[in-house]
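Chains A and B supply the protein sequences, listed in that same order.
Residue 182 in this note's numbering sits at position 182 of the first sequence, with consecutive numbering throughout.
Residue 12 in this note's numbering sits at position 12 of the second sequence, with consecutive numbering throughout.
Be a bit skeptical, because a hint or two may be false.
[What the hints assert, rightly or not] Listed next, with one range per pair, are the computed distances between beta-carbon atoms: (1) A:269 x B:230: 53 to 59 Å; (2) A:198 x B:179: 56 to 62 Å; (3) A:143 x B:230: 24 to 30 Å; (4) B:179 x A:143: 29 to 35 Å; (5) B:195 x A:237: 39 to 45 Å; (6) A:269 x B:169: 32 to 38 Å.
[Stated by the list, open to error] Stretch-level coverage of chain A by chain B, calculated; a stretch enters the list once three of its residues show a Cβ under 8 Å from a Cβ in chain B: (7) 35-49; (8) 103-109; (9) 112-118; (10) 124-130; (11) 225-236; (12) 242-251.
These are calculated hints, taken from the structure and not from any lab test.
Don't be surprised by glycine CBs; every beta carbon is placed ideally from N, CA and C.
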Amino acid sequence: MSSSPTANSSGPVPAGAGIGLRSAHHEALVRERPAVGWIEVHTENYFHDGGPHLAALEEAREIYPLSLHGVGMGLGSSDPLDRTHLAHVARAIARFEPTLVSEHACWGSHAGEHFNDLLPLPYTEEAVAHLAARVIQVQDVLGRQILIENLSCYLAFSSSRLTEWEFLAALVERSGCGLLLDVNNAYVNSVNVGLDARAFIDGLPSGAVQEIHLAGHTRRRVGERTLLLDDHGSRVPEAVWQLYDHAIRRFGAVPTLIEWDTNLPELSVLAEEAAQAGNRMEGVRGLAA
Amino acid sequence: MASLPEIQARLAAALRGAPCAAAADVLDDGIEAAARLAVYRNNARAMFDGALERTYPVLRRRVGEDYFRQLARGYRVRFPSRSGDLHWVGEHFARYLAETEASTGYAWLAELAALEWACECAFIAAHESPMEPRELLGLAPDDLARARLRLQSSLHCVASSWPVLEVWRANQPDADGHAVDLSNGGQCVLVSCGPDGLELAEVSRAGLEFTRLLQSDAPLGAAVEESGLDLAELPGVLGRLFAGGLVTGIAVATAGSNAA
Chain A
1 MSSSPTANSS GPVPAGAGIG LRSAHHEALV RERPAVGWIE VHTENYFHDG
51 GPHLAALEEA REIYPLSLHG VGMGLGSSDP LDRTHLAHVA RAIARFEPTL
101 VSEHACWGSH AGEHFNDLLP LPYTEEAVAH LAARVIQVQD VLGRQILIEN
151 LSCYLAFSSS RLTEWEFLAA LVERSGCGLL LDVNNAYVNS VNVGLDARAF
201 IDGLPSGAVQ EIHLAGHTRR RVGERTLLLD DHGSRVPEAV WQLYDHAIRR
251 FGAVPTLIEW DTNLPELSVL AEEAAQAGNR MEGVRGLAA
Chain B
1 MASLPEIQAR LAAALRGAPC AAAADVLDDG IEAAARLAVY RNNARAMFDG
51 ALERTYPVLR RRVGEDYFRQ LARGYRVRFP SRSGDLHWVG EHFARYLAET
101 EASTGYAWLA ELAALEWACE CAFIAAHESP MEPRELLGLA PDDLARARLR
151 LQSSLHCVAS SWPVLEVWRA NQPDADGHAV DLSNGGQCVL VSCGPDGLEL
201 AEVSRAGLEF TRLLQSDAPL GAAVEESGLD LAELPGVLGR LFAGGLVTGI
251 AVATAGSNAA
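Please put together the full structure from these sequences, using the hints given.
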């Protein structure tokens, strides 16, 4: 079962299932108070000085523990770290006091132009050194550990010399960051770039994984092949649930989030998906007992 | 082996429309590099266009999806995103439209865009507790002329040669989108955002100029004089500011000094 909304929203994100909160669900969340353990928002949507969205999140924050998930820092960019962006993240953290803060193992800008997408890094020694240095910079400014999420990829680089899990393990070791394991991304990558998703999960440093993401994806035919698009626009597919089961058997009951960004359904659908994640975590707890 | 900056430079070129630039960096496993890079190129374009659509819903509805996409393509080349925060994507759209649409039948779009950008900025501004008008009414006449009003930071003044407020109202989600006669003349609009959401109010040109002067910290007396506001109109303009919760403070300078 999913845990009920907690009266102590300032506590840690519980080892239960939460949902990604989008502005279209602000009112319904506060009105319906679904039985989900926590909420997560995209940090950049709350960068500003005020307005109805900030007020709505402050209200939601009184009910649920909160995680801030950044999508715009592009930590692996060769461009200089955007200190203004980082200052906005710091301000959002001070305002909302999230229990988890996360970003992505990606880059996003070149020569000052932002592509506003999560672009993949080659898995090289140079890239992991660059990303680790950036993560350290960010953690120093924020005064806290951040979690770094594995990406969904539509290509692999010919220059990569490390596996994705070796890359992330090295990042954890050098920067002291934690990991946000996106199970859907691992599954998507198994189809798109031939990642061995179970080996990927098995290869991550177990103590580092502090959050899991689950989401849906869509299929696109490319000639005789298929690419999976990580569009967060549908229920979690069975294959991703199975991979999730594998992940929580390895990592235990880690706070798990249902992400849904396109074709947004009623809030109750997200709560149903969160309940399923909660049930699977209970199953793992039962096995461990 | 290519360095990280080199790889990112080539991928960036591919995202800008030159897929061959990064083809050699992409592992060949049966799906062409161009097809893989196209996913990212489409994503980047969709993120940009989506942000622009969310900021300019009225303009998009008015010109239609195809023309809006065409405008977005040209705008992105001229003003690519410069921030990881998508809010800023639309910052220069009015300027771009002023440059590109001036000689077309869509010259008015730039001013509609300016109104929608004002709405976007108002929507994310801080809201302070409003002040009651009795504090102003209690001032002696000389102090009243020297008083400076502090206004909500969400307040934006928009002057247009076209009836952009009529267009805006006709193209809200629950409105019928009826055609507005563009020969109806210009409109001056105060845009703000309070606890109940966006507020757009039409004011006279002198009323708008008066409000702008107050925003720039001019004393009330000087603002009336410089704006050419008819004294008979002053109670109505001030009343609107107070009723809208747009006044957050008053400072009165002592004679011969600056405002406290």
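Mind listing which of the numbered hints don't hold for this structure, in increasing order? Hint check: 3, 4 and 12 fail, others pass.
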